[in-house]
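K.L.:
Make the full structure from the sequences, and use the hints.
Taken in sequence, the protein lines are chains C and P. Quick note on numbering: the first sequence equals residues 7 to 118 in the numbering used here. Quick note on numbering: the second sequence equals residues 60 to 177 in the numbering used here.
Keep in mind that a hint or two might mislead.
[Unchecked claim] Non-contacting residues of chain P with respect to chain C, defined by C-beta distances greater than 10 Å in every case (computed): (1) K114; (2) K125; (3) D147; (4) P165.
[Stated by the list, open to error] Capping the alpha-carbon separation at 30 Å, the derived lysine-lysine pairs in DSSO-like fashion look like this: (5) C/K48 - C/K117; (6) P/K123 - C/K117; (7) C/K48 - P/K114; (8) C/K48 - P/K79; (9) C/K48 - P/K123; (10) P/K79 - P/K123; (11) C/K69 - P/K79; (12) C/K63 - P/K123; (13) P/K100 - C/K117; (14) P/K73 - C/K48; (15) P/K79 - P/K125; (16) P/K100 - C/K85; (17) P/K125 - C/K65; (18) C/K74 - P/K100; (19) P/K100 - C/K75; (20) P/K100 - C/K48.
[What the hints assert, rightly or not] Just so you have them, the derived chain P footprint on chain C, three or more residues with Cβ under 8 Å: (21) 52 to 65; (22) 80 to 88; (23) 100 to 107.
Worth flagging that the hints you see were computed from the coordinates, not collected in a lab. For glycine and all other residues, C-beta sits at the position ideal for the given N, C-alpha and C.
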Amino acid sequence: EDQVTQSPEALRLQEGESSSLNCSYTVSGLRGLFWYRQDPGKGPEFLFTLYSAGEEKEKERLKATLTKKESFLHITAPKPEDSATYLCAVQAGSSNTGKLIFGQGTTLQVKP
Amino acid sequence: GAVVSQHPSWVICKSGTSVKIECRSLDFQATTMFWYRQFPKQSLMLMATSNEGSKATYEQGVEKDKFLINHASLTLSTLTVTSAHPEDSSFYICSARDRWGINNSPLHFGNGTRLTVT
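P.N.:
Next comes the structure, spelled out in structure tokens:
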């Protein structure tokens, strides 16, 4: 069964304190791993797509990496506005509809 | 680009009534749209895949007669919660992918509909 597990469930950081969020996955033929940001009461906002092990993507203070078993979202020198829930999702090769399976998310709080 | 609009953003209804939620892709066409449900502090659970011009595909455990999905055009899918009950109260979110994009391109999400059944 395709599965996505994110850790930690919640993370509190001081402004400027770098850290990493983990997304472990078990999937039959990975077609893509996606990172989204979700603010309270809003829909997920797309951040990155990673397609193959070794791939890396960067955007401002965020950097996503991918191995054959997990992905990391590194946050460098975070600011309070980075506070949100970060969701990881996978698309399995077994899916012909292209649906995404989501992890539970990591809720990040950055204190000034 | 790639904007998905969902309406209404919130709705309160009485138990036993039906509620319709609309999902529109504003600047692209989508042959497939996905409906998710999210309970407080939980992740997104896929309810069904909406296919333009054909029947929706429901995930295991989701009642197709309770959650009616219609995908009548390449830019509009609707979810109707029939005979709503308090346990149907949740955050419903739709998503779509550009029909001309590759199959594993990102899904774009609407801003969700908060349904409260009293």
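K.L.:
Next, verify each hint and record whether it holds.
P.N.:
Verification of the hints:
Its beta-carbon lying about 13 Å from the closest one in chain C, P/K114 satisfies the requirement of being farther than 10 Å from that chain. No Cβ of chain C approaches the Cβ of P/K125 within 10 Å, the least distance being about 20 Å, so the stated non-interface status holds. With a cut of 10 Å on Cβ distances, P/D147 stays outside the contact zone with chain C, its closest approach being about 18 Å. For P/P165, the condition that its CB be more than 10 Å from all CB atoms of chain C is violated, with the nearest at approximately 5 Å.
Using a Cα cut-off of 30 Å, the hinted pair C/K48 and C/K117 holds, with the two alpha carbons roughly 21 Å apart. As the CA atoms of P/K123 and C/K117 are separated by approximately 44 Å, the hinted pair breaks the 30 Å bound. In summary, the hint linking C/K48 to P/K114 is supported, as the alpha carbons are separated by about 28 Å, within the 30 Å threshold. With a C-alpha separation of about 19 Å, the suggested pair C/K48 and P/K79 falls inside the 30 Å cut-off, and the hint holds.
Between C/K48 and P/K123 the CA atoms are separated by roughly 26 Å; this keeps the pair inside 30 Å, and the hint holds. Only pairs whose Cα atoms come within 30 Å are accepted, and P/K79 paired with P/K123 is accepted, the gap being roughly 14 Å. With a C-alpha separation of about 39 Å, the suggested pairing of C/K69 with P/K79 is violated against the 30 Å cut-off. Restraint check for C/K63 and P/K123: the C-alpha separation of about 39 Å exceeds 30 Å, so the hint is violated.
At roughly 20 Å between alpha-carbon atoms, P/K100 and C/K117 fall within 30 Å of each other, so this suggested pair holds. The suggested pairing of P/K73 with C/K48 holds, with an alpha-carbon distance near 24 Å, which does not exceed 30 Å. Taking the CA atoms of P/K79 and P/K125, the gap is near 12 Å; set against the 30 Å cutoff, the hint holds. Restraint check for P/K100 and C/K85: satisfied, since their Cα atoms lie roughly 22 Å apart, inside the 30 Å limit.
Note on P/K125 and C/K65: the hinted pairing is violated, with a Cα-Cα distance of about 41 Å set against a maximum of 30 Å. At most 30 Å may separate the alpha-carbon atoms for a hinted pair to count; C/K74 and P/K100 meet this at roughly 28 Å. Between P/K100 and C/K75 the CA atoms are separated by roughly 25 Å; this keeps the pair inside 30 Å, and the hint holds. At most 30 Å may separate the alpha-carbon atoms for a hinted pair to count; P/K100 and C/K48 meet this at roughly 13 Å.
Residues of the segment 52 to 65 of chain C lying with their CB closer than 8 Å to a CB of chain P number 3, which satisfies the three-residue condition for coverage. Figure legend: the segment 80 to 88 of chain C, annotated as covered by chain P; annotation inconsistent (0 residues with Cβ-Cβ distances under 8 Å, at least 3 required). Interface restraint, the segment 100 to 107 of chain C with chain P: holds (5 residues with C-beta to C-beta distance below 8 Å; minimum three).
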